[in-house]
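Those sequence lines, one after another, are chains A and B. Following the working numbering, the numbering of the first sequence begins with 11 at its first residue and continues without gaps. Following the working numbering, the numbering of the second sequence begins with -9 at its first residue and continues without gaps.
The set of hints was computed from the structure by calculation and includes no laboratory data. Please note that the accuracy of each hint is not assured.
Claimed, not checked - Under the rule of at most 35 Å between Cα atoms (straight-line distance), these lysine-lysine pairs were calculated in the DSBU-like manner:
id, chain 1, residue 1, chain 2, residue 2
1, A, K166, A, K87
2, A, K166, B, K80
3, B, K8, A, K87
4, A, K87, A, K42
5, A, K218, A, K170
6, B, K256, A, K218
7, A, K87, A, K35
8, A, K170, B, K8
To be verified - Cβ pair distances, simulated, as ranges:
id, chain 1, residue 1, chain 2, residue 2, range
9, B, P95, A, D21, 50 to 60 Å
10, B, D309, A, Y109, 56 to 66 Å
11, B, T91, A, R342, 40 to 50 Å
From a predicted model like this one, the values you see are computed outputs, not experimental measurements. In this text, a Cβ means the ideal position worked out from N, Cα and C, and glycines have one as well.
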Amino acid sequence: MNGTDIILSVDQLTVRFDASPPLLKRLVTGAKRRTVHAVEAVDFQVERGSTFALVGESGCGKSTIARTIAGIQAPTKGAVSFMGVNVAGFRTRHAALPYRRNLQMIFQDPYASLNPRWRIGRIIAEPILTHRLMTRGAALDARIAELLATVGLSPKDAQKYPHQFSGGQRQRISIARALAANPAFVVCDEPTSALDVSVQAQILNLMKQLQRELGLTFLLISHNLAVVAHMADRLGVMYLGRLVEQGDAEQILARPLHPYTRALLDTVPDPHAPHRPRARLSGEVPSPLAPPSGCAFHPRCPLADARCAAERPEPIRVDAVSVACHAVAEGRIDAAQPDRPKDQQSLEQSGDAA
Amino acid sequence: MNALLQVENLRVEIAARKRRLVAIDDVSFEIAAGEVLGVVGESGAGKSVTGTAVLGLLEAPAVQAGGRILFDGRRIDTLSEEGMRALRGKEIAAVFQDPLTSLDPLMTIGDQLTETMLTHLPMTRAEGEARAGELLAEVGIPAPRERLQAYPHELSGGMRQRVVLALAFCCAPRLIIADEPTTALDVSIQAQILDLLRRMCRERGTAVMLVTHDMGVIAEVADRVAVMYAGRVAEIGPTRQLIAHAAHPYTRGLMASIPSMRRREKELTQIPGAMPRPDAPVAGCAFHPRCPQAFARCAAERPPAFPVGAARVACWLADPAFEGVPA
Ligand SMILES: Nc1ncnc2c1ncn2[C@@H]1O[C@H](COP(=O)(O)OP(=O)(O)OP(=O)(O)O)[C@@H](O)[C@H]1O
Ligand SMILES: Nc1ncnc2c1ncn2[C@@H]1O[C@H](COP(=O)(O)OP(=O)(O)OP(=O)(O)O)[C@@H](O)[C@H]1O
Ligand SMILES: [Mg+2]
Ligand SMILES: [Mg+2]
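Required output: the full structure, derived from the provided sequences and hints.
As C-alpha cells, this is what we get:
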C-alpha cells in the first residue's frame, strides 16, 4: 500500500476477556477459568478519507475492535496505530488529548452514551471545551446551533435534556457531538440503526458530504448490509473474532468468496422480495468461550472437510480481496462464477414494483 | 375482525412550561390475535409513546388525554396501577427500544429470567432455571448455560437485546409490544428471532405490535402496517398493498429512501426538511410543508382517514371526492 495515506493501522489485534466464575465459586465447584476470545489476530488498514466497514454476526467482536481503536479497551496483544501513534501507549491523559480530538466515536447505544443530567448544548459543547477549541460565549452557542442544524435538529433543542428526545433524535445528538471537535476519524458503531429510513438517508448523505468536503475517514459498523453497500469503500467480514474476508467492498458484495460471507448476504431481508427462500446458517451458533478448532466456521460450513476442522486457513489474495478459506484456496469453490449475480437479477426484476 | 387490542382515538399530551404539547393525536388501530401489526414512521413520530401508552407506562410529563385502549374487549387504560402491573409481564409483554432499561445491571441474566417466571408462573426454581437456559438457546445465544452466569455488561449489544426478548417471551404473553426488537441484531439472528415471533403468533395466537425502521423486516413478518407521522397515523393497511402501492406521499418518500444492495447511488433520495415536532405543530396536514404534491387545502385543513382498498389513508389525494388540484 505505498503512496496511500494510511490513517489507521490495526496489527494482529487480539482482545480476550476473563469470564471466569468468582474465585470462591471456582474453588467450591471446581469450575475452570474461562476466557472470551472476542478478537483474534485481526489485521486491517484504513486509508485517509475512505470508509472501512466491519460486518458480522452479533457478538463477533466488532464493538470490541471499535472500543480498542477509541482507546477505551486495552488490547491483549497486537497494536493499533492511529496517525502513526500507538493508541495503547499513552501514559497520561494529556498525551492522549490530540489523539482523542481527532478520533471520535458514535456509540451503538444512544441511550447509554448521553449524560441524562446535562442539557443537549452542554453535551455537544463538551468535546469543544475539553480540547480548548473555543471558550464559552456567543461563538460557541452559534457553533452548537450550527451542529444541531447539521443533524436536522433545532437550535432550541440545546436547552433540553436527553429524555425529552426519541431514540432517533438522541442518535442525532451523539452524531452532532462526535462532529463537534472537527475530528479526522469517526468510529460509527451502528450509527443509523435507531433511525427511520428517511432520517437515515439524511444522515448517510451528510456523512458522505462531510467526507467529500472535510476528508473525514469512517470506520462503520452496521448490520444493515444495504447501508454498508452504500457507504463502504472497503469491507471486513468478521466471524467469531477473526476477519475471514476483507478488501474492496464492491467486489465482496458482488462476488463474495468466503462461505460465511455468502450466507450472510443471502439472509438479507428485502422489502421487494419477501418470503423468498433465504438460506439460513444452520448448526449451533459457536461460542467465543470455546472457539472451534481449525477454521472457526467449519461446523456450519457446507464445504467443510477434514482439513478445515484441523488447520486454520491463512488469508490468500483473490483480485482486490483477501480471504481465509481452504475451499477457496483449493479451488473447491468457484471464485470466478459464484451464484450471486443471477440472484441479483431476479431481485432487480421484482424490485420495480414500488 | 376479532381484535385483541383496540386503540381508539388515542391522544397523549406532554405538559411543557406554558402549554400542553400534543404528542399523539387521534390514533386508532387494532390488532387481532395471531396478527403482527408493523409500525413504521419518522423518528420522533410517536411510535414509542403509543406503545408506552398501551402498556400503561406513560410517565409525567406525558399523560393520556383522550381515547380508549381495550385488551380482549376490556378497557385497560382505566385500570389501577396494580391491575395493570398484573397484566404486564403475564398477558402483555414489552420489548423496549433500549435493552438496558429492561435489564438489571446487578443481576445475572439467569436470575433475571428465573425471577420473572417465578413471579408469574407456577413453577419451581429448578424448573425456572432449566427453562431460562432453554429460552437463551431459543433466542440464539451461544453457550446458553454458561451465559446464565453473565451480567448484562458482559454481553454484546445484540446479545443483550436477545436476553430482553427471552424475558418478554418467558411467560407466554398474548400481546407483545416490541419496540425495535431486532435493530441491534445481525441478519441471521434477526431471521431467527422473526421466525420465533411468527411461530408464537401462529401457534399460540400471540398478537404483536412491532415497531421497526426496517422495511425488510416489515415485509417479512407484518400482516398489516401503520405508518406514523407527527403523532398521527398517516396510512394503515395490508403490508403487501402498502409496499407495492403506498398511497400517502410520506409513505412513498419513506420507501424511496431505502438504500438498496442492488444499485449504488451517489446520493440517497431523501425527503427534504424535517418533521414538525410537538412544540411547533403545523396547520392542516402535518406533512404538507415537505409534500411534493401538496395543494392549498392541505395547508388549511387536516385530512381525515379515507378508505383506499383495504387501507385507510389520511391524505386529501385519497379523498373520493378529490378531482385533481384546482388551478
Ligand atoms: N466486558 C466484557 N466482559 C466479558 N465479555 C465481554 C465483554 N465485552 C464484550 N464481551 C464479549 O466479547 C464478544 C464480542 O463482543 P462485541 O460487543 O465486540 O460484539 P459485536 O460484534 O459488537 O456484537 P453486536 O453486533 O451484538 O453489537 C461477545 O461474546 C461478548 O459477550
Ligand atoms: N418526556 C418527554 N418530554 C418531552 N417530549 C417528549 C417526551 N417523551 C417523548 N417526547 C416527544 O414525543 C415525540 C414522540 O416520541 P417517540 O419516542 O414516541 O418517537 P418514536 O416514534 O418512537 O421515534 P424513534 O423512531 O426515534 O424512536 C418526540 O418528538 C419526542 O421528542
Ligand atoms: Mg456491538
Ligand atoms: Mg422510539
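How the hints compare with the structure:
no.: 1; hint: A:K166 <-> A:K87; in the structure: violated, 46 Å
no.: 2; hint: A:K166 <-> B:K80; in the structure: violated, 42 Å
no.: 3; hint: B:K8 <-> A:K87; in the structure: violated, 57 Å
no.: 4; hint: A:K87 <-> A:K42; in the structure: holds, 23 Å
no.: 5; hint: A:K218 <-> A:K170; in the structure: holds, 29 Å
no.: 6; hint: B:K256 <-> A:K218; in the structure: holds, 9 Å
no.: 7; hint: A:K87 <-> A:K35; in the structure: holds, 29 Å
no.: 8; hint: A:K170 <-> B:K8; in the structure: holds, 15 Å
no.: 9; hint: B:P95 <-> A:D21: 50 to 60 Å; in the structure: violated, 34 Å
no.: 10; hint: B:D309 <-> A:Y109: 56 to 66 Å; in the structure: holds, 60 Å
no.: 11; hint: B:T91 <-> A:R342: 40 to 50 Å; in the structure: holds, 48 Å
When held up to the earlier numbered hints, the structure conflicts with 1, 2, 3 and 9 and fits the remainder.
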